[in-house]
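A.B. asks: Assemble the whole structure, with the sequences as input and the hints as a guide.
Protein chains in written order, with my numbering: chain V, 3 to 217; chain W, 3 to 217; chain U, 2 to 240; chain D, 2 to 240.
Since the hints were made in silico from the structure, they are not lab data. Any given hint could turn out to be false.
Claimed, not checked - In silico DSSO-like pairs for lysine-lysine, Cα to Cα no more than 27 Å straight-line:
(1) U/Lys143 to D/Lys195
(2) D/Lys234 to V/Lys79
(3) U/Lys70 to U/Lys235
(4) D/Lys235 to D/Lys8
(5) W/Lys164 to U/Lys70
(6) W/Lys85 to D/Lys195
(7) U/Lys11 to U/Lys135
(8) W/Lys79 to U/Lys143
(9) D/Lys143 to U/Lys187
(10) U/Lys8 to U/Lys74
(11) U/Lys143 to D/Lys8
(12) V/Lys145 to U/Lys187
(13) W/Lys79 to U/Lys195
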Amino acid sequence: MDRINIGWSKEEMATLVANDIPDGSYVNLGIGIPELIANYVPQGREVIIHTENGLLGVGPAPAPGTEDFDLINAGKKPITAIKGACFFHHADSFAMIRGGHLDFTILGAYQVSQNGDLANWSTGSPNDIPAVGGAMDLVQGVKNVFVIMSHTTKDGTPKIVKKCTYPLTGVAVVSRIYTDLAIIDVTSQGLKVIKLAPGIDKNTLQNKTEADLIF
Amino acid sequence: MDRINIGWSKEEMATLVANDIPDGSYVNLGIGIPELIANYVPQGREVIIHTENGLLGVGPAPAPGTEDFDLINAGKKPITAIKGACFFHHADSFAMIRGGHLDFTILGAYQVSQNGDLANWSTGSPNDIPAVGGAMDLVQGVKNVFVIMSHTTKDGTPKIVKKCTYPLTGVAVVSRIYTDLAIIDVTSQGLKVIKLAPGIDKNTLQNKTEADLIF
Amino acid sequence: MINKVFKTPKEAIADIFDGATIMIGGFGEAGSPIELIHALIDQGAKNLTIISNNAGSGHVGLAALLEHKRVKKIICSYPKTAFSEVFPDLYCNGEIELELVPQGTLAERIRCGGAGIPAFYTPTSVGTPLAEGKEIREIDGKFYVLEYALKADFSLVKAYQGDRYGNLIYYKTGRNFGPIMCMAAKVTIAQVNKIVEVGELDPEIIVTPNIFVQRVVEVANPLHEHVLVSQNKKYPWTE
Amino acid sequence: MINKVFKTPKEAIADIFDGATIMIGGFGEAGSPIELIHALIDQGAKNLTIISNNAGSGHVGLAALLEHKRVKKIICSYPKTAFSEVFPDLYCNGEIELELVPQGTLAERIRCGGAGIPAFYTPTSVGTPLAEGKEIREIDGKFYVLEYALKADFSLVKAYQGDRYGNLIYYKTGRNFGPIMCMAAKVTIAQVNKIVEVGELDPEIIVTPNIFVQRVVEVANPLHEHVLVSQNKKYPWTE
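C.D. replies: Next comes the structure, spelled out in structure tokens:
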């Protein structure tokens, strides 16, 4: 997913997500593309970013040479803290997550199923080192679980599926999917496309999607 | 129990308990006579006193006129804090208690049974306002539960009994009893008297005790 | 922009509804949000369930709320305090329901309510009347009782300083139930002695992270319960 | 007199025994007590069970402890970090046992171990392979998995400042697992950048109360794991 040639770029996807997060929200950003979202919060909105390793109030990336390796995010990258930030330990951090205090978490994914099942921690391959981190807590506890990912794998295999084949992170937890090709809501009626990327039509999108889409 | 005419005085009882608490111990003191113990810690020993409402490191009572009603003990009396003290919230305070981190708790009692059952929170009377506070947590979590009490009620009824008639605080939790007449260990063989107050003989003590004593 | 600051206790508690479950901070007087409670008495919400370590003292604060018959049930560890007159009367007359909970179990049930843990096992109260009717489980040879989380519609707490994000620090043993009650309510309302600018509170020393607080109101010089009780004051004030 | 200060990491960890269960603080490098881990490598204890969020990086610190085959089992949420080479090799060769635990469940199991709560219910992992074989319970219409507390013989943590009583404060996101691991071990050993006099730490800002800490050792200028990894250093140092 280093380059996306059709549809939205990673930066455009991040902007779309950022625009959908209301002023005053508490947001946890997953590792990878989700981290970009912090850069696109619209002017005039205060969004407080949580990182599960113990900081509420993540600020912009530090200037080169000013990194503090005791001030890192969940991806173990150096960050900064905004004014009004606070530090806390892991049990308190996951009390925030599990206790339903966060409004949004934006996560990457291997697969999302039509009922909102998420697979994002293991390919299930015996040679894969299993590593789950905080993903299973986030999907259970955060009020809105958004996924941001490429619409298909590099070889074109759909990632939005009828049923996940990879090990699950959570059952029926995703509420919205942002891909390079569309924004899709998980509803009780099924997967509802609420926005198509420029130049993408319904047939193209459905052909790249294993699950049935509602337009 | 305002006056004790035979055996040890309240102050002598508190001194006996204080002498039995080793240097470096963490101690929770119950409301009433147990509070006196803080005044009798032998010179040269550092004993850290915990109050369950959120302070580790209770100091001496404040001088009159210097009381701070935001700095109180479990009995809601103004206290002071020693150097090296720290404040914390109730869940952390009871993590200390329940988690087995405290070495001693010294509690008052209505009744103690021969197997160490404690009754100290309710007389069971329908007109009694039930109030338990932290007693049930203390007896379950603290390593050594000591009782300090008058040997009998004012009308001479034994408080050390075969089986408690009052509602229990905990089952088989007391390890040692300090009364105005004796110090008694709760052992697997039964109640073993390890010290008699001056002028008290075995018969006198047994006559004031419902449970069988071992001398 | 995030601004959780309310101008007065009255505005901060305006939407508390009949039948609400409310956690009220404090251990005795320390940490008791007396101005918020008085505003609640003025506001008139009734049929409340209160979760609080004590049941108030004298005829002010929590005791006054009880005295005005606004509370149908109290979940509490120690309703019998010095100068506690209102609760005993109501209780003996069958005018209030009491759920008596050991103090550590009360604290843990509140924290779990805030932490998304619906239930836990504890050794506390096993073998006593307070464990009767509850599930007992043996784990590694020891017995434990199953206890369920507590949550609330509102928490009223008193802190020392706060900012417009809702960050809080406390003062001495006034901290007690505040931090965990902030976690366990849908709407936490904190009265603070002083509102400071965002950034004034060192991120390392904030006790309650702002995510747990929805409203902050400054009460610069809060009343002292022990003074009011010694003067035999009653709320609402009658001069 | 209470004096929990040890002169060197070597003395502080001297009695760690073969087969011990050890919690090791840190989230990646932040909060990782690298000098204590290196002293443990020198000391030689083996057959260890390690509880730690990650499995180390490069060939220093926790990764070096694994590389020297001292660890039979690791309980961990995320053993796959950038520059993590040692653990993947051991795991693929079947030379180390892994218990994979979601991060929040790991944190809560540790806190419960310290708080005398033997088990709790959590929604995390329900419906996933990590809940397989575990008890599932429905509470108020939602499903939860039963998880058990974790305890340890020793905890090794890194803090910022400490005193001879064992009070600790931390530095930024280096706090992470430190405070809860201090609670959950029989013997907690903290390395701190600076030992201060009793009374220097404000009672309002102490993060780990002294009761949870048994030993404190000053390491004034701790090594930086990312620097050592970028230099491809291996412990023990071979010059």
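A.B. asks: Run every hint past the structure and note whether it holds.
C.D. replies: Going down the list of hints, with the structure as the test:
For the proposed pair U/Lys143 and D/Lys195, the alpha carbon gap of about 41 Å is over 27 Å, so the pair is violated. Only pairs whose Cα atoms come within 27 Å are accepted, and D/Lys234 paired with V/Lys79 is accepted, the gap being roughly 21 Å. The hinted pair formed by U/Lys70 and U/Lys235 meets the criterion: a straight-line CA distance of about 14 Å does not exceed 27 Å. A distance of roughly 25 Å separates the Cα atoms of D/Lys235 and D/Lys8; the hinted pair therefore holds under the 27 Å criterion.
Annotation: proposed proximity of W/Lys164 to U/Lys70 is violated, straight-line Cα distance about 44 Å (limit 27 Å). For a cut-off of 27 Å, the pair hint linking W/Lys85 to D/Lys195 stands: about 18 Å separates their Cα positions. Taking the CA atoms of U/Lys11 and U/Lys135, the gap is about 40 Å. The hint is violated against a cut of 27 Å. Restraint check: the Cα-Cα separation between W/Lys79 and U/Lys143 comes to about 36 Å, which exceeds 27 Å; the hinted pair is violated.
Annotation: proposed proximity of D/Lys143 to U/Lys187 holds, straight-line Cα distance about 19 Å (limit 27 Å). Using a Cα cut-off of 27 Å, the hinted pair U/Lys8 and U/Lys74 is violated, with the two alpha carbons roughly 30 Å apart. With a C-alpha separation of about 39 Å, the suggested pair U/Lys143 and D/Lys8 falls outside the 27 Å cut-off, and the hint is violated. Only pairs whose Cα atoms come within 27 Å are accepted, and V/Lys145 paired with U/Lys187 is accepted, the gap being roughly 13 Å.
Straight-line distance between C-alpha atoms of W/Lys79 and U/Lys195 comes to about 26 Å, which keeps the hinted pair within the 27 Å bound.
Hints 1, 5, 7, 8, 10 and 11 from the list above are not met by this structure, while the remaining hints are.
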